[in-house]
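*Asks:* Residue strings, one per chain:
Protein chains: 2
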Amino acid sequence: MKQQTAILHEKATLLRQKQVLLGHGSGGKLMHELIEKVFAAHLLPPDMEMLNDSSVFCVGESRLAITTDSYVVDPLFFPGGDIGKLAVNGTINDLAVSGARPLFMAAAFILEEGFAMDDLCRITLSMREACDQAGISIVTGDTKVVNRGKCDKVFINTTGIGIVDNAVKISSELAKPGDLVLINGDIAAHGMAILSAREELEFESSIVSDTAALDLLVKDMLSVSNEIHCMRDLTRGGLSSALNEIASCSKVGIRIFEDRIPIQDQVRGWCDVLGFDPLHVANEGKLIAIVMRDHAEAVLSNMKSNAQGRQSAIIGEVISEHPGRVIMKTNVGGHRIVDMLSGEQLPRIC
Amino acid sequence: MKQQTAILHEKATLLRQKQVLLGHGSGGKLMHELIEKVFAAHLLPPDMEMLNDSSVFCVGESRLAITTDSYVVDPLFFPGGDIGKLAVNGTINDLAVSGARPLFMAAAFILEEGFAMDDLCRITLSMREACDQAGISIVTGDTKVVNRGKCDKVFINTTGIGIVDNAVKISSELAKPGDLVLINGDIAAHGMAILSAREELEFESSIVSDTAALDLLVKDMLSVSNEIHCMRDLTRGGLSSALNEIASCSKVGIRIFEDRIPIQDQVRGWCDVLGFDPLHVANEGKLIAIVMRDHAEAVLSNMKSNAQGRQSAIIGEVISEHPGRVIMKTNVGGHRIVDMLSGEQLPRIC
Numbered sequence: 482m483k484q485q486t487a488i489l490h491e492k493a494t495l496l497r498q499k500q501v502l503l504g505h506g507s508g509g510k511l512m513h514e515l516i517e518k519v520f521a522a523h524l525l526p527p528d529m530e531m532l533n534d535s536s537v538f539c540v541g542e543s544r545l546a547i548t549t550d551s552y553v554v555d556p557l558f559f560p561g562g563d564i565g566k567l568a569v570n571g572t573i574n575d576l577a578v579s580g581a582r583p584l585f586m587a588a589a590f591i592l593e594e595g596f597a598m599d600d601l602c603r604i605t606l607s608m609r610e611a612c613d614q615a616g617i618s619i620v621t622g623d624t625k626v627v628n629r630g631k632c633d634k635v636f637i638n639t640t641g642i643g644i645v646d647n648a649v650k651i652s653s654e655l656a657k658p659g660d661l662v663l664i665n666g667d668i669a670a671h672g673m674a675i676l677s678a679r680e681e682l683e684f685e686s687s688i689v690s691d692t693a694a695l696d697l698l699v700k701d702m703l704s705v706s707n708e709i710h711c712m713r714d715l716t717r718g719g720l721s722s723a724l725n726e727i728a729s730c731s732k733v734g735i736r737i738f739e740d741r742i743p744i745q746d747q748v749r750g751w752c753d754v755l756g757f758d759p760l761h762v763a764n765e766g767k768l769i770a771i772v773m774r775d776h777a778e779a780v781l782s783n784m785k786s787n788a789q790g791r792q793s794a795i796i797g798e799v800i801s802e803h804p805g806r807v808i809m810k811t812n813v814g815g816h817r818i819v820d821m822l823s824g825e826q827l828p829r830i831c
Numbered sequence: 482m483k484q485q486t487a488i489l490h491e492k493a494t495l496l497r498q499k500q501v502l503l504g505h506g507s508g509g510k511l512m513h514e515l516i517e518k519v520f521a522a523h524l525l526p527p528d529m530e531m532l533n534d535s536s537v538f539c540v541g542e543s544r545l546a547i548t549t550d551s552y553v554v555d556p557l558f559f560p561g562g563d564i565g566k567l568a569v570n571g572t573i574n575d576l577a578v579s580g581a582r583p584l585f586m587a588a589a590f591i592l593e594e595g596f597a598m599d600d601l602c603r604i605t606l607s608m609r610e611a612c613d614q615a616g617i618s619i620v621t622g623d624t625k626v627v628n629r630g631k632c633d634k635v636f637i638n639t640t641g642i643g644i645v646d647n648a649v650k651i652s653s654e655l656a657k658p659g660d661l662v663l664i665n666g667d668i669a670a671h672g673m674a675i676l677s678a679r680e681e682l683e684f685e686s687s688i689v690s691d692t693a694a695l696d697l698l699v700k701d702m703l704s705v706s707n708e709i710h711c712m713r714d715l716t717r718g719g720l721s722s723a724l725n726e727i728a729s730c731s732k733v734g735i736r737i738f739e740d741r742i743p744i745q746d747q748v749r750g751w752c753d754v755l756g757f758d759p760l761h762v763a764n765e766g767k768l769i770a771i772v773m774r775d776h777a778e779a780v781l782s783n784m785k786s787n788a789q790g791r792q793s794a795i796i797g798e799v800i801s802e803h804p805g806r807v808i809m810k811t812n813v814g815g816h817r818i819v820d821m822l823s824g825e826q827l828p829r830i831c
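Top line first, the protein sequences correspond to chains R and B. Each residue of the first sequence is one higher than the last, beginning at 482 in this note's numbering. Each residue of the second sequence is one higher than the last, beginning at 482 in this note's numbering.
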C-alpha cells in the first residue's frame, strides 16, 4: 500500500497540473502528457505502442485490431451529422488507418435522466445507417442512466474490432526520409461545422462536417501499394497533431507546403475570423498517409477515384533533418514550425 | 428521410415514456424495454441474442467474446473498491459468464474538468492491480474531457475481448427442467456498500462490496462439467433480474428457496431498514449457474474450493411449470413470484 501511494505521488507530481484541464482532452500536448504519465504508465503493458489509433494483437492465425473512443460532441446534432454517425464513423476510421478491415462494434450509452426518447431514436437510427453503409455490425451494448445534471444528454462509447491482413504493416514509427505525405481532402470542416452550431457562438455558414467512413478508401489504397508506412486520421488536434506524432515516433522531420493543403475558402475565412489555426482544427473524414515516394503517384490517383478522396493531394515529404519536428513552407515563402496544439482549442469536438 | 421519421415515431410511441428515466438504467423492466425497442431494434443484427452478457463471434478458427460496459458509480471510492476495480472486474465477469477466457481490454475515460489528478492516479493504479490479478492486459484507450458540470468526475468504459473454447456452450436459452440453480455466495453486499457510502444516506456498517473477478472460478467450474447450461453475473437488477432473464429466454420456470440464498445478517438488516428487496440489489462478484442435476454436486464442491466460491449453494431448480416465471418458496412456507425490478432502485450502482 505504501509503495502504491509512493508511485501515485511520483506520477502526480510529474504532471504539471493537479486537476484535469479541458486541454487534457484536446489531442495536443497536454493530452499526450496525460496519456504518457498516467494512462500508459499505469495501464498499458510496457511493450505497447500507445500513440497508434488502435492496438493489434494475434488470436490464433488472425491479427485483430481493437480501438475504443467515447463521443461527447456538443451539440448532438450538427450540419452534416450527429453524435451517432460520428461514433460509428470515428471508430471505423481508427481501425481503417491501422490497416484493419472493420468487423464488429460494441456501443455503450450514458444517458441523462430526462433526455428525449425521440432524440435517442434519431441517434440510434443514424448509427444503424452508418453501420449499414460500412458493412459493420454492432453486436453488443450497454446502457447507463445518470441523474439529471450529472452528464450532458448522451455520451456514446464505441469499440471496434477489425482484422488486419498479415501483409499489412502500418505504424507511426515507420516513416522514412524520402517518403511523401498524402491527404485525402480539405481540412478543418468538422471543427468549424460544430462551432457554427454551438449555442454560444452560432454563425451562418454552409460548412458541413466531413464525417465519413474511410474504410473503403483505405482498402483501395492498400490494394495498390504495400509501401504505405503510416496512416493517421485527423481528428482532435487536427493535421498538426497527426504529423507531429509521426515525426516523433519515427524520429524524422516532416516538411509540408501550405499552398498544397486543401481547405475550403469559407472554412479558412471563419478560422481567420475566430483566430483558429486550421492545422489544429479537428476533421472526421480525413487521413494522412506516409507513402514511399515511388508509390505516391499511384496511391494518389487511386485515392482520387474514391468518393472519400476526390480532393486528395501530396502535401509534403519526410526529411532526415529536424527529427521530431514538422516544418511548413508558408504561402508567403518563409518556414515555420508546426507545433502540436498546447492547451485547448475546441472542447467536445467529437 | 420520411421513412426514417416514420420508423422513429413508431418506435418512440412503443415506449411508454417520452424521456429517459433513471429506471431505464436499472437492469429491470424499463431497461429491458429500452434495449428491446430502441437499441436492439435499431442497432443489433436481427439474429443477435441481446440479453447475454457478451456476444460471441468467429474469427478464423477462434470463437471470440466481446462485451462492453460503462461505469458511472457514485461515489467513486467505496468500501471494498473503487470505480477502477469495478470497471475491470465487471467486464472480466461479463466475459467469464459467457465461458470466455479474458484476453484484452480497452479502457475509455470521460473526465470532468477540475477532477483531481491524484484521484485519477488512484483509479488507474487500482485498474492495473485488478488487471494484473486477472492476467488481462489493457491494450488501448481513449480520453475525453468535458467542461465542469457536464459529467460527474469520471466515467469509465471498458470493453473486453475473450476467447471461448469450442466445447463451451453457455446461453440464457439453454436452461432445462430438472437443472439446478447454483450461486457462488451471499447476495446484495455491493449495493448496500455503495449505499452506505452515499453522501445523502451515509450509514455505519462494515459491509464491503463483493467486487471480484470471477474468471478463475468459472474456469474451474468448466473444468468439471460440460453441462453448465447458463451463467449470469448478478449486477444491476440483482439475482431476480438474472433469474427472470433465464426463465424468459429458456421458456422455463425457476423455483428458488429463500432459506438457501446466502446473505449476510447486516446486509439483510439494512435492506429491511431501508426497504430494499435483496433479490433486486446489485452484486459485483456473484454469479448463478444453471447446471444439469447430475453434475450439480461436483460443480458445487469445485466452486467451494475456489476463493470466490466458499459460500456457494444450490438455491433452486428449473421447472417446466410457470414458463418465464421465477417463484420463491419463502421462509414462512408460502410461495411468491419474484418479479424483475420495475422502476429504479439504486441509480449509479456500477
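In case anyone wonders, no lab produced these hints; they're calculated from the structure. Certain hints may be false.
Restraint-style ranges between C-beta atoms, simulated for each label pair [as the list claims (entries may be wrong)]: (1) R:N707 x B:C539: 21 to 31 Å; (2) B:N628 x R:A597: 15 to 25 Å; (3) R:K657 x B:V689: 34 to 44 Å; (4) B:P804 x R:G541: 38 to 48 Å; (5) R:K499 x B:Q614: 28 to 38 Å; (6) R:D646 x B:Q614: 49 to 59 Å; (7) R:K700 x B:D758: 50 to 60 Å; (8) B:R749 x R:N647: 53 to 63 Å; (9) B:N707 x R:K732: 49 to 59 Å; (10) B:N628 x R:V813: 30 to 40 Å; (11) B:E654 x R:G541: 20 to 30 Å; (12) R:E683 x B:Q792: 39 to 49 Å.
Don't be surprised by glycine CBs; every beta carbon is placed ideally from N, CA and C.
*Asks:* Compare the structure with each hint and give your call.
*Replies:* Each hint, compared with the structure:
no.: 1; hint: R:N707 x B:C539: 21 to 31 Å; verdict: 28 Å, holds
no.: 2; hint: B:N628 x R:A597: 15 to 25 Å; verdict: 21 Å, holds
no.: 3; hint: R:K657 x B:V689: 34 to 44 Å; verdict: 55 Å, violated
no.: 4; hint: B:P804 x R:G541: 38 to 48 Å; verdict: 40 Å, holds
no.: 5; hint: R:K499 x B:Q614: 28 to 38 Å; verdict: 30 Å, holds
no.: 6; hint: R:D646 x B:Q614: 49 to 59 Å; verdict: 35 Å, violated
no.: 7; hint: R:K700 x B:D758: 50 to 60 Å; verdict: 53 Å, holds
no.: 8; hint: B:R749 x R:N647: 53 to 63 Å; verdict: 57 Å, holds
no.: 9; hint: B:N707 x R:K732: 49 to 59 Å; verdict: 53 Å, holds
no.: 10; hint: B:N628 x R:V813: 30 to 40 Å; verdict: 37 Å, holds
no.: 11; hint: B:E654 x R:G541: 20 to 30 Å; verdict: 27 Å, holds
no.: 12; hint: R:E683 x B:Q792: 39 to 49 Å; verdict: 60 Å, violated
Hint compliance for this structure: hints 3, 6, 12 are not met, and every other hint is.
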